[in-house]
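Engineer: As a plain string of letters, each chain reads:
Protein chains: 2
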Amino acid sequence: MKVVTVRDVVELVQSRGLETVLTELAGYLERDFRRWSEFEKAPRYASHSKEGVIELMPTSDGAQFGFKYVNGHPGNGKLGLQTVVAFGVLSDVRSGYPLMLSEMTITTALRTAATSALAARALARPDAKTMAIIGAGAQSEFQAYGFRALMGITRIRVFDVDPAATAKFVANLAGQGFHVTACVSAAEAVMGADIITTVTADKRRAAVLSDNLVGAGVHLNAVGGDCPGKTELQASILNRASVFVEFEEQTRHEGEIQQMDADFPVTELWQVLTGAAPGRRTRDDITLFDSVGFALEDFSALRYLYDEVCQRGLVSTIDLLASPDDPRDLIGLIGRPRIPRSDAA
Amino acid sequence: MKVVTVRDVVELVQSRGLETVLTELAGYLERDFRRWSEFEKAPRYASHSKEGVIELMPTSDGAQFGFKYVNGHPGNGKLGLQTVVAFGVLSDVRSGYPLMLSEMTITTALRTAATSALAARALARPDAKTMAIIGAGAQSEFQAYGFRALMGITRIRVFDVDPAATAKFVANLAGQGFHVTACVSAAEAVMGADIITTVTADKRRAAVLSDNLVGAGVHLNAVGGDCPGKTELQASILNRASVFVEFEEQTRHEGEIQQMDADFPVTELWQVLTGAAPGRRTRDDITLFDSVGFALEDFSALRYLYDEVCQRGLVSTIDLLASPDDPRDLIGLIGRPRIPRSDAA
Chain V
10 MKVVTVRDVV ELVQSRGLET VLTELAGYLE RDFRRWSEFE KAPRYASHSK EGVIELMPTS
70 DGAQFGFKYV NGHPGNGKLG LQTVVAFGVL SDVRSGYPLM LSEMTITTAL RTAATSALAA
130 RALARPDAKT MAIIGAGAQS EFQAYGFRAL MGITRIRVFD VDPAATAKFV ANLAGQGFHV
190 TACVSAAEAV MGADIITTVT ADKRRAAVLS DNLVGAGVHL NAVGGDCPGK TELQASILNR
250 ASVFVEFEEQ TRHEGEIQQM DADFPVTELW QVLTGAAPGR RTRDDITLFD SVGFALEDFS
310 ALRYLYDEVC QRGLVSTIDL LASPDDPRDL IGLIGRPRIP RSDAA
Chain C
10 MKVVTVRDVV ELVQSRGLET VLTELAGYLE RDFRRWSEFE KAPRYASHSK EGVIELMPTS
70 DGAQFGFKYV NGHPGNGKLG LQTVVAFGVL SDVRSGYPLM LSEMTITTAL RTAATSALAA
130 RALARPDAKT MAIIGAGAQS EFQAYGFRAL MGITRIRVFD VDPAATAKFV ANLAGQGFHV
190 TACVSAAEAV MGADIITTVT ADKRRAAVLS DNLVGAGVHL NAVGGDCPGK TELQASILNR
250 ASVFVEFEEQ TRHEGEIQQM DADFPVTELW QVLTGAAPGR RTRDDITLFD SVGFALEDFS
310 ALRYLYDEVC QRGLVSTIDL LASPDDPRDL IGLIGRPRIP RSDAA
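If you read the sequences in order, they're chains V and C.
In short: position in the first sequence from 1, add 9, done, that's this note's numbering.
In short: position in the second sequence from 1, add 9, done, that's this note's numbering.
Treat the hints as calculated values from the structure; they're not laboratory data.
Keep in mind the model is a prediction, meaning the values are calculated, not measured.
Among the hints, a few may not be true.
Identical copies go unnamed one by one, so any copy, or any two together, can satisfy a pair.
[Claimed, not checked] Pairs of lysine-lysine, BS3-like flavour, derived with a Cα cap of 27 Å: (1) 59 with 87; (2) 59 with 11; (3) 87 with 11; (4) 50 with 87; (5) 50 with 138; (6) 87 with 138.
Generate the whole structure from the sequences, applying the supplied hints.
Structural biologist: In structure tokens form, the structure reads like this:
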């Protein structure tokens with residue numbers, strides 16, 4: 010089986026440039042969201058424990074099948090581990106054979122940022138200039154690059170409850186053409202922001218953003234509330250906003266709207282991207298992308314890696330699929346078992 | 010991530026002996042079935058196409074999480090491909106990190122045969138001497154070795170609609186201490202058989218075994234009917250039999266009992282293995298193990314490979330999980346993106 014390693018993805022980003030990759034990936038995402046009806050859609054499989062969650066996210070467009078394995082463990086940082094690691098597989102539907110195994114830790118960060126920016130381009134005020142980022146973990150810088158690549162955002166106001174995380178964010182973006190302001194509170198971060206991105210990791214009902222901080226015309230990019238019991242926004246914000254989701258059936262359980270009644274109105278993002286439903290109606294609308302991450306996004310990312318890495322480069326392979334000369338002679342791979350002693354004479 | 014390759018599994022079987030591996034694996038299976046209540050249980054995710062099915066089979070015991078990717082494509086043989094290929098992953102629930110990636114094509118064949126034999130040991134007449142095998146595909150020889158390892162069965166009567174498959178089976182078992190009779194029909198194969206194993210691949214409602222061929226006291230090991238729309242037994246056989254399943258909720262959709270009403274009585278295998286429910290009640294009972302394959306069996310197999318291969322040998326690793334020095338500094342892996350020209354001065 011062909012393998013796209015962490016190094017392969019790093020080399021793709023280094024050779025092509027992070028913003029180019031995010032822009033290309035957003036193109037794959039937009040094309041796939043626009044052919045929404047072709048996809049097999051089901052909420053992801055989630056195995057919850059007190060420490061976190063392990064998820065499988067499958068989908069298919071009838072020609073290819075893809076899935077991602079991904080975890081979310083907020084306490085992993087204390088163990089020197091990442092909150093989120095992931096890998097994925099793209100397969101050929103006709104034979105059922107896997108085409109590619111790929112790293113998806115970096116790729117998930119890329120596709121999440123590309124999806125956020127794609128949604129914002131469809132929903133935020135087109136003249137948005139400043140973004141607040143609340144939560145300066147592993148995903149935060151990718152969000153900054155994604156919004157610059159797709160929307161030209163260069164002014165970032167950042168806040169994290171851990172000043173060391175904020176400092177890491179500032180250091181990573183220093184000298185990269187951003188104008189970054191480190192803030193000491195969420196309230197300070199959102200001052201003058203046209204877009205507010207929340208991307209925190211705590212697995213609980215939090216309110217990292219309270220209603221009074223959200224002014225007219227703002228676009229909210231709510232990324233961190235993505236599990237049952239894990240939310241970031243005060244519920245009253247949702248009542249003032251037009252809410253957009255990836256896949257309603259999944260988001261009802263996992264997104265910010267888990268705080269609302271089952272008939273709380275939402276619009277699926279693909280409807281806006283195809284023109285089937287309106288996005289922002291007025292300059293003063295509050296738009297909210299209640300993002301939890303959907304299997305289609307990983308499918309798009311896997312297709313992108315397959316086209317741009319697997320089909321072009323010299324990727325490595327692993328001996329993971331048995332291939333007997335006669336497909337019905339699987340036992341032939343083992344060789345002839347040792348003859349029992351009584352028959353060996 | 011550590012990888013158990015096809016070669017690693019072949020070497021395990023060659024060094025330890027196929028029947029020893031099947032016996033050891035049956036031990037893992039039995040121990041896991043006996044602690045049934047500890048497992049997370051859900052029907053597998055199945056993506057159906059006209060050519061076949063791709064499935065994800067996850068479960069967890071709260072300490073470890075495992076899943077298998079497996080396909081089933083009956084027409085693959087014509088393309089020189091296998092009907093079934095598979096791989097799997099075992100993870101640590103506390104961190105969400107994968108511990109091992111493993112081949113599971115050979116391993117699925119091993120665990121399927123071990124499960125069949127384990128169920129037969131609990132359900133068939135203890136003095137069973139002869140087994141009929143209907144369907145001589147990739148799984149068939151594994152069934153023969155599994156039943157010899159666990160039940161001492163050495164007399165095999167085999168039939169396949171394709172004489173070449175029957176000939177392959179006979180050749181593979183020649184000189185291995187079995188007494189194999191090649192038959193020209195299912196009716197001939199079942200003559201005098203105490204156990205009848207059906208293991209065909211067609212994805213349709215078939216009746217490879219008709220009611221009149223099933224005599225009193227027989228144990229039926231129905232392996233091939235494992236998908237919606239894919240069955241092997243004439244429905245009237247089920248009405249005469251005591252039916253045992255792995256996980257009722259899944260088998261209702263996938264097993265032979267998809268032909269029956271939703272309240273058709275079945276017993277889950279774990280109940281027999283723990284003594285919570287009876288198995289065979291009389292010598293004349295017809296017992297039927299309506300096997301479709303459940304995620305717990307793959308979990309047991311992954312645990313076995315982890316203990317016996319991963320923890321002992323020098324397995325290879327692949328660069329599939331990013332490991333930044335600071336887990337929150339994922340973007341640091343990419344290095345500093347190129348500075349935009351306007352800022353480079």
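Engineer: Within, between, both or neither: how does the pair residue 87, residue 11 come out at a Cα-Cα threshold of 27 Å?
Structural biologist: between (34 Å within a copy, 23 Å between copies)
Engineer: Between the shortest in-copy and the shortest cross-copy C-alpha distance, which are at most 27 Å for residue 87 and residue 138: within, between, both, or neither?
Structural biologist: neither (35 Å within a copy, 59 Å between copies)
Engineer: Check residue 59 against residue 11 for me: Cα-Cα at most 27 Å, and say if that holds within a copy, between copies, both or neither.
Structural biologist: between (35 Å within a copy, 26 Å between copies)
Engineer: Given a CA cutoff of 27 Å, do residue 50 and residue 87 count as a within-copy pair, a between-copy pair, both, or neither?
Structural biologist: Intra 35 Å, inter 31 Å, cutoff 27 Å: neither.
Engineer: Between residue 50 and residue 138, at a C-alpha cutoff of 27 Å, which is it: within one copy, between copies, both, or neither?
Structural biologist: neither (35 Å within a copy, 49 Å between copies)
Engineer: Which holds for residue 59 with residue 87 at a C-alpha limit of 27 Å: within a copy, between copies, both or neither?
Structural biologist: within (16 Å within a copy, 48 Å between copies)
Hint compliance for this structure: hints 4, 5 and 6 are not met, and every other hint is.
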